[in-house]
Amino acid sequence: MVELILFYAFAALIIFSAVLLVTARNVFHGALYLASTLFGVAAIFALSGSFFLAGIQVLIYIGAVVVLLIFVINLTRQIAGSSAAQVNEAVVPALITSLLTITLIVLAVLKTDWATRIGKSVAQTEAMDNTAVIGTQLLTNFAIPFEVVSVLLLAALIGAIAIVSRDKEAGK
Amino acid sequence: MAYGTFLVFLGFAVVMVIGGVVVNYLLMPYHPGAEKRTTYECGLDPIGEAQVRYSLRFYVFALMYVVFAVEAAFLLPWAVVYRTMSGFMPLTEALIFIFILVLGLAFAWEKGELKWD
Numbered sequence: 002m003v004e005l006i007l008f009y010a011f012a013a014l015i016i017f018s019a020v021l022l023v024t025a026r027n028v029f030h031g032a033l034y035l036a037s038t039l040f041g042v043a044a045i046f047a048l049s050g051s052f053f054l055a056g057i058q059v060l061i062y063i064g065a066v067v068v069l070l071i072f073v074i075n076l077t078r079q080i081a082g083s084s085a086a087q088v089n090e091a092v093v094p095a096l097i098t099s100l101l102t103i104t105l106i107v108l109a110v111l112k113t114d115w116a117t118r119i120g121k122s123v124a125q126t127e128a129m130d131n132t133a134v135i136g137t138q139l140l141t142n143f144a145i146p147f148e149v150v151s152v153l154l155l156a157a158l159i160g161a162i163a164i165v166s167r168d169k170e171a172g173k
Numbered sequence: 003m004a005y006g007t008f009l010v011f012l013g014f015a016v017v018m019v020i021g022g023v024v025v026n027y028l029l030m031p032y033h034p035g036a037e038k039r040t041t042y043e044c045g046l047d048p049i050g051e052a053q054v055r056y057s058l059r060f061y062v063f064a065l066m067y068v069v070f071a072v073e074a075a076f077l078l079p080w081a082v083v084y085r086t087m088s089g090f091m092p093l094t095e096a097l098i099f100i101f102i103l104v105l106g107l108a109f110a111w112e113k114g115e116l117k118w119d
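So the protein sequences, as listed, match chains A and B.
Heads up: the first sequence is residues 2 to 173, going by the working numbering.
Heads up: the second sequence is residues 3 to 119, going by the working numbering.
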């Protein structure tokens with residue numbers, strides 16, 4: 002019962018902030034609504050018992066991605082200060098694209114076999130603390146993917162630095 | 003699972019924040035003046051606008067922060083189970099994981115991205 006109340010409260014928060022996000026005339030306000038939307042998603046994760054995912058959602062998406070977005074907005078004065086209309090004349094193409102995207106997502110969700118290897122091994126354990134289960138899996142069965150993630154992050158870091166420093170040299 | 007406690011906690015948190023603002027609004031005297039309306043900047047007169055453009059340097063730091071936040075996300079479950087595991091394998095795996103990312107930090111350092119110039 003309490004879970005149900007909390008679920009609908011946070012679902013309402015997500016929809017409310019998401020609508021404000023796309024209708025906000027100021028892009029900076031939009032970024033703040035995005036943080037609110039992502040927080041609602043984190044709360045839904047926590048209500049489903051995925052406390053690890055909820056923590057990661059706050060840490061990565063609100064802590065890092067939204068902060069990065071706000072930095073990008075503040076790099077450009079014109080965007081931060083001004084307010085722009087969020088609708089233009091391309092309503093019909095936008096509607097068609099949105100409907101097709103929704104269809105694609107719903108079909109993908111319905112057709113995907115969610116019982117993957119790691120999903121099964123986490124579901125099999127009775128423990129509530131799935132952070133510990135994920136940790137154990139990362140260190141035993143998934144040790145190599147764990148290290149490969151590090152290489153992937155290294156590639157992302159070097160790529161970002163390379164792009165930024167090339168821009169800096171071009172600007173000199 | 004005791005979500006009831008959480009609901010009560012959430013309710014009190016909302017009441018604390020909104021109640022504080024509302025009570026403040028009801029009790030406050032309202033005598034605005036030109037001096038009072040200026041931005042508070044530690045007692046000094048504010049200089050320039052508040053909405054300034056950030057330096058592009060911050061963008062590099064923010065990008066690097068995203069990468070290291072993801073690294074922290076992967077080290078979190080490792081830290082949770084570290085005490086329950088035996089042997090040097092968990093430590094070695096985490097050290098390799100961190101070492102590979104430190105290479106990226108060294109690359110940034112070598113490129114001079116950590117300097118403020």
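A couple of the hints might just be wrong.
[Stated by the list, open to error] Reference excerpt, derived from the structure (chain B facing chain A, CB under 10 angstroms, subset only):
#1 V24
#2 Y27
#3 L28
#4 P31
#5 T86
[Claimed, not checked] Across the chosen pairs, the derived CB separations fall in these ranges:
#6 A:A133 x B:L97: 45 to 55 angstroms
#7 A:T117 x B:W118: 44 to 54 angstroms
#8 A:V152 x B:F63: 48 to 58 angstroms
#9 A:L60 x B:K113: 24 to 34 angstroms
#10 B:M18 x A:V110: 34 to 44 angstroms
#11 B:F63 x A:H30: 51 to 61 angstroms
#12 B:K113 x A:D114: 29 to 39 angstroms
[What the hints assert, rightly or not] Residues from chain B that keep clear of chain A, each with C-beta distances beyond 10 angstroms, as calculated:
#13 L9
#14 F14
#15 V17
#16 G21
#17 N26
#18 M30
#19 G35
#20 E37
#21 T41
#22 Y42
#23 V62
#24 E73
#25 P79
#26 L103
#27 G114
The set of hints was computed from the structure by calculation and includes no laboratory data.
For glycine and all other residues, C-beta sits at the position ideal for the given N, C-alpha and C.
Hints that the structure is at odds with (numbers, increasing): When the structure is compared with the hints, numbers 1, 2, 3, 4, 6, 8, 11, 12, 13, 23, 24, 25, 26 and 27 turn out to be violated.
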